[in-house]
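Could you put the whole structure together from the sequences, leaning on the hints where they help?
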Amino acid sequence: DPRWTPKILDILKAANVKAAFFLVGVNAEHYPGLVRRIVDEGHEIGNHTYYHPNLALCWPEHVRLELNATQLLLESITGRATTLFRPPYAADTSPSQLSELTPLQIAQDLNYLVVLENIDPQDWAKPGADIILQRVKQQRRDGSIILLHDAGGDRSQTVEALPRILDWLHTRGDTVVSLSTLLGTTRDAVMPPLQQSGQSLMRLVSSTGFRLYHGIEEFLWAFMIVATA
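For the sequence shown, our numbering begins at 1 and goes up steadily by one.
These are calculated hints, taken from the structure and not from any lab test. Incorrect hints may have been included.
[Claimed, not checked] Computed beta-carbon distance windows for the label pairs:
id, residue 1, residue 2, range
1, G153, D130, 16 to 22 Å
2, R164, N118, 16 to 22 Å
3, R164, P192, 32 to 38 Å
In this text, a Cβ means the ideal position worked out from N, Cα and C, and glycines have one as well.
Right under this line is the structure:
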């Protein structure tokens, strides 16, 4: 988000903290400069699908297209791939049905590591910066991953809460590390640099093709609803 993401990045830079940003493809396409800034400042990026659908309601091929199109777009912008994936709508936290498990299996088949959050203060619901901080304090455990949002609406409360969260963790003596460090690996392992840089156009064309496919699919679905109504 061009309004909130730079503020989040400024806070992280001032605190010398590296985060992982799980990017929605359509947003990355609109703001490639922000994506490059995220990577250039040492943060890690992951795949959060292209249009942020509920994958439990998607055909398996649609799930693959969401992941592949986002991957290709991020590669064309950053020159790096990503092995990290987080499903939309926190579908990974408590899957209980086959429709919820299938997208996770597809992601694993595509060699993604599905990343779970351990601390969810539900900042997306805008409960207030004090509540966001309090929920982090209540849920804090060693080795936890905190979920926060920098897009999808007014994130002023998250911007207000983040430095307070980091200050509290520092006061406790906690060390905030990158996701790759938490996983016991390297940034290049979770975001491999591309071996061939001459394929950017092909990647851009591929993601453009996905948008066309998505538009046709949405049209056909609407047509089917109208035709059968």
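Hints, verified against the model:
Evaluation of the 16 to 22 Å hint for G153 and D130 yields a pass: the beta carbon distance comes to about 19 Å. As the Cβ distance of R164 to N118 is approximately 19 Å, the hint placing it in 16 to 22 Å holds. Between R164 and P192 the C-beta distance comes to about 35 Å, which sits within the given range of 32 to 38 Å.
Every hint from the earlier list agrees with this structure, and none is contradicted.
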